[in-house]
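Undergrad: Residue numbers (the UniProt record's numbering), protein chains in the order written: chain A, 1 to 453; chain B, 1 to 453.
Be aware that one or more of the hints could be misleading.
Identical chains share a label here; the pair holds if one copy fits it or two copies do between them.
[Unchecked claim] In silico lysine-lysine, DSSO-like type, Cα no more than 30 angstroms apart, as pairs:
1) 285 to 416
2) 285 to 354
3) 19 to 383
4) 281 to 354
5) 77 to 109
Derived by calculation from the structure, the hints in this document are not laboratory data. In this text, all values refer to a predicted model and were calculated from it rather than measured experimentally.
Number of protein chains: 2
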Amino acid sequence: MNEGQEIEAQFEELLNFLKTEQMNEFRETFLALHIYEQGQFYQSLEAEDRERVYNYLSPKELADMFDVIEEDNDDMKVYIAEMRPSYAAEMLSEMYTDNAVDLLNMLDKGQMAKYLSLMSAEDASEIKELLHYEDDTAGSIMTTEYVSLVANQTVRSAMYVLKNQADVAETIYYVYVVDQDNRLVGVISLRDLIINDDDTMISEILSERVISVHVGDDQEDVAQTIRDYDFLALPVIDYDDHLLGIVTVDDIIDVIDDEAASDYSGLAGVDVEEVSENPFKAASKRLPWLITLLFLGMSTATLISHYETLVSEASILAVFISLITGTAGNAGTQSLAVAVRRLAVSDEKDNNFKRLIVSEVLTGVVTGAITGLTIFIVVGIWKQNFPLGFVIGMAMLCAITVANLAGSFIPMLMDKLGFDPAVASGPFITTLSDLTSVLIYFNIASIFMSYFT
Amino acid sequence: MNEGQEIEAQFEELLNFLKTEQMNEFRETFLALHIYEQGQFYQSLEAEDRERVYNYLSPKELADMFDVIEEDNDDMKVYIAEMRPSYAAEMLSEMYTDNAVDLLNMLDKGQMAKYLSLMSAEDASEIKELLHYEDDTAGSIMTTEYVSLVANQTVRSAMYVLKNQADVAETIYYVYVVDQDNRLVGVISLRDLIINDDDTMISEILSERVISVHVGDDQEDVAQTIRDYDFLALPVIDYDDHLLGIVTVDDIIDVIDDEAASDYSGLAGVDVEEVSENPFKAASKRLPWLITLLFLGMSTATLISHYETLVSEASILAVFISLITGTAGNAGTQSLAVAVRRLAVSDEKDNNFKRLIVSEVLTGVVTGAITGLTIFIVVGIWKQNFPLGFVIGMAMLCAITVANLAGSFIPMLMDKLGFDPAVASGPFITTLSDLTSVLIYFNIASIFMSYFT
Numbered sequence: 001m002n003e004g005q006e007i008e009a010q011f012e013e014l015l016n017f018l019k020t021e022q023m024n025e026f027r028e029t030f031l032a033l034h035i036y037e038q039g040q041f042y043q044s045l046e047a048e049d050r051e052r053v054y055n056y057l058s059p060k061e062l063a064d065m066f067d068v069i070e071e072d073n074d075d076m077k078v079y080i081a082e083m084r085p086s087y088a089a090e091m092l093s094e095m096y097t098d099n100a101v102d103l104l105n106m107l108d109k110g111q112m113a114k115y116l117s118l119m120s121a122e123d124a125s126e127i128k129e130l131l132h133y134e135d136d137t138a139g140s141i142m143t144t145e146y147v148s149l150v151a152n153q154t155v156r157s158a159m160y161v162l163k164n165q166a167d168v169a170e171t172i173y174y175v176y177v178v179d180q181d182n183r184l185v186g187v188i189s190l191r192d193l194i195i196n197d198d199d200t201m202i203s204e205i206l207s208e209r210v211i212s213v214h215v216g217d218d219q220e221d222v223a224q225t226i227r228d229y230d231f232l233a234l235p236v237i238d239y240d241d242h243l244l245g246i247v248t249v250d251d252i253i254d255v256i257d258d259e260a261a262s263d264y265s266g267l268a269g270v271d272v273e274e275v276s277e278n279p280f281k282a283a284s285k286r287l288p289w290l291i292t293l294l295f296l297g298m299s300t301a302t303l304i305s306h307y308e309t310l311v312s313e314a315s316i317l318a319v320f321i322s323l324i325t326g327t328a329g330n331a332g333t334q335s336l337a338v339a340v341r342r343l344a345v346s347d348e349k350d351n352n353f354k355r356l357i358v359s360e361v362l363t364g365v366v367t368g369a370i371t372g373l374t375i376f377i378v379v380g381i382w383k384q385n386f387p388l389g390f391v392i393g394m395a396m397l398c399a400i401t402v403a404n405l406a407g408s409f410i411p412m413l414m415d416k417l418g419f420d421p422a423v424a425s426g427p428f429i430t431t432l433s434d435l436t437s438v439l440i441y442f443n444i445a446s447i448f449m450s451y452f453t
Numbered sequence: 001m002n003e004g005q006e007i008e009a010q011f012e013e014l015l016n017f018l019k020t021e022q023m024n025e026f027r028e029t030f031l032a033l034h035i036y037e038q039g040q041f042y043q044s045l046e047a048e049d050r051e052r053v054y055n056y057l058s059p060k061e062l063a064d065m066f067d068v069i070e071e072d073n074d075d076m077k078v079y080i081a082e083m084r085p086s087y088a089a090e091m092l093s094e095m096y097t098d099n100a101v102d103l104l105n106m107l108d109k110g111q112m113a114k115y116l117s118l119m120s121a122e123d124a125s126e127i128k129e130l131l132h133y134e135d136d137t138a139g140s141i142m143t144t145e146y147v148s149l150v151a152n153q154t155v156r157s158a159m160y161v162l163k164n165q166a167d168v169a170e171t172i173y174y175v176y177v178v179d180q181d182n183r184l185v186g187v188i189s190l191r192d193l194i195i196n197d198d199d200t201m202i203s204e205i206l207s208e209r210v211i212s213v214h215v216g217d218d219q220e221d222v223a224q225t226i227r228d229y230d231f232l233a234l235p236v237i238d239y240d241d242h243l244l245g246i247v248t249v250d251d252i253i254d255v256i257d258d259e260a261a262s263d264y265s266g267l268a269g270v271d272v273e274e275v276s277e278n279p280f281k282a283a284s285k286r287l288p289w290l291i292t293l294l295f296l297g298m299s300t301a302t303l304i305s306h307y308e309t310l311v312s313e314a315s316i317l318a319v320f321i322s323l324i325t326g327t328a329g330n331a332g333t334q335s336l337a338v339a340v341r342r343l344a345v346s347d348e349k350d351n352n353f354k355r356l357i358v359s360e361v362l363t364g365v366v367t368g369a370i371t372g373l374t375i376f377i378v379v380g381i382w383k384q385n386f387p388l389g390f391v392i393g394m395a396m397l398c399a400i401t402v403a404n405l406a407g408s409f410i411p412m413l414m415d416k417l418g419f420d421p422a423v424a425s426g427p428f429i430t431t432l433s434d435l436t437s438v439l440i441y442f443n444i445a446s447i448f449m450s451y452f453t
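Here chain A stands alone, though its shape is the one from the complex (with noise of 0.2 angstroms):
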């Protein structure tokens, strides 16, 4: 709270002194922020009091802000736009390049052209580098500003290269070892350093188990060894063991978080990160998904319309549909949570995908069984009418062990098909479990018609 206060008594100061034109004064305070909260000052400013921090700040004191700048991309193409083009090309080579290429891929390709035409041949090489990987792999997440140097050389010079790249490197707590052709042949961390003689051999306390990941591999792969070795950087390579960058922990942070909030859009069937507060916008966003199952649902309103005359006979049966359709969709999406979430966790890529389908059927029949049972007591005594309970229990069974083997089945299936097992969302599997219910209702209830009317 007095943290909260103190910082924002800052920011009126420096807000102020922006006004005021007082660049000295500017520069002090700022510069003595943690970047993290430099970003979120400049975030707060309008375009005018901007302009005023491009010409008091150097385009590498602006990169070092921007490096942690997370915020979506109409208002950092605004930003990008604002600054005199060699102001913003220079900026963009002081960031860490893995930032930068995430910077430039959000404008359109006129602009990332002119930027990097206004670089230096080198950096603009290496932004074009990594400019071409694949979003989603390795390559697209990882830095080139790593430290490496070969083995046959002592600590002390291992340790002076290190002084040398610490303003530069993204991490300076891995070094990586590699041969004349920039295979990576192992790996030190700076606590061995540390621990070791400034005589010994870089080559004797090398560890040649080097964990790495492959320039086409998923970022969800990359995150996943990450946490299970709780590494702070992973490197990365090519098929030949060529070193071609490193992965730090902070990027594998937003990649668990992206994953996360993708996992959770597709259980909703809405893309929750895109929160906006127009409801024109917002409502197109969600219209897709929404008309989509409208159709879908459209095929269980024709087949209960099959059974218009069913229903015209026997008026009670209407009272139950929505009851049997919801508990069978949210009986569906429990399913469907558990299997997402299974295929996820998972290690073994080969699941037994039988063996998981049985299991979740199996749980279907004993939580349709135990809810049918339930409701044949509740609509047997409600209604006084056994037989209708009877009925109504029935196809609640049946109706939840159908929607578990579809909440279960489809995703798995998808998975094996190479999707994304996340995409099949939670209103897709409801939606369907109520045409299958509807069905097996009805079915039930026509076969039992003598005995509850």
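Fit chain B to the supplied structure of chain A, relying on the hints for placement.
TA: Showing chain B alone in chain A's frame:
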């Protein structure tokens, strides 16, 4: 692929060493593995082979491996129980304190007391101090193995302290600077120590703007701070600024993952962390929610029952019940997911409650209007009955708007009341929205009854 096979071969070799009681060969190969891989191997063993492992490895060697095992409770209990008590106690005191505390928390009180009594007084008191922090607070995830020193010394002497503590500290990449009373006054990264001259005083280069968290802070807030600032560790202090411990980034990744799983579980109305292949166990986890929702669903059935005469007069109405409840339920789930996410990522604790609800309801009106218009046309043409289409369309518009209101209002209310908004589950919202949708549908239908029959 190749790497996997290589490890598999090594695991087989290791197992063979165990079976043939070749202790030295086992130790050499086993200790060359990364501790994560050691854990994988250990967890693949039968009880009798694990018995041999305890004879071949020192408590310290086993502790290093146990520090990275993430295993569900039951297995961990078995592991500890099969070790000699003094061996287990020594292993626990060799582990990082936070991990030892996690492990001890899985045991029952009597067991915990036994192991604590077998440790040295110093180790036991360090663990006991951490044991009484509440779940999900900074205190419960912090460790006490950090490096701290006073400002009144040179970089050279600080590096000397670091070298001596490198073996026991969980991270040496941040050094915390304290005063005589152990109050936190600053921080230096190892990077800063390395790039500065050996004779520089710590007091000259320490950063006094040290970001810290309070020991009672929610672990989610700690995670957010580490993510925002891209820290590798964060100091934990008490009310009087005394340094109590540090939270490291690997623990934060687990926190982020747990929170994501719990949000996901909330949306699905099932605990996705509890993955059991036993259908009875799984069913017992899912039934409480299903049965609760079944009774909520009963009120919908009762409501429809109230309109049974209406349905018997116009059985066509039954055809569209599940379409309207289903679509409104889908829209409500979307609203819920967006609201929960917005509450999770928003920094300002006092979100503009009213503005967000209004925006969500307006989104409901827009999606409802378009969905309603679509179904009006479809039903009008399909059933050659535009008045009926109008009733369905109007009901759809109102039901979706109300579902969006419920989907956003309920989680926000829970947040306001201090509960986790994520426990407002998807199934609960859809079941609730079934009730309101049916009410809206039959009321609109009875008003326009004479026009479409």
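Undergrad: Give a verdict on every hint.
TA: Do the hints match the structure? See the list:
1. Taking identical chains as interchangeable, the C-alpha atoms of residue 285 and residue 416 lie at most 30 angstroms apart whether they share a chain (28 angstroms) or sit on different chains (27 angstroms).
2. In this homomeric assembly, residue 285 and residue 354 come within 30 angstroms of each other (Cα to Cα) only across copies, at 22 angstroms, whereas the closest approach inside a single copy is 36 angstroms.
3. In this assembly of identical chains, residue 19 and residue 383 lie within 30 angstroms of each other by CA distance neither inside one copy nor across copies; the values are 76 angstroms within and 67 angstroms between.
4. Taking the shortest alpha-carbon separations for residue 281 and residue 354, only the inter-copy value of 19 angstroms comes in at or below 30 angstroms, while the best intra-copy value is 42 angstroms.
5. When the C-alpha separation of residue 77 and residue 109 is checked against a cutoff of 30 angstroms, the pair qualifies only within one copy, where the shortest distance is 13 angstroms, while the shortest distance between copies is 58 angstroms.
Violated hint for the displayed structure: number 3, the only one.
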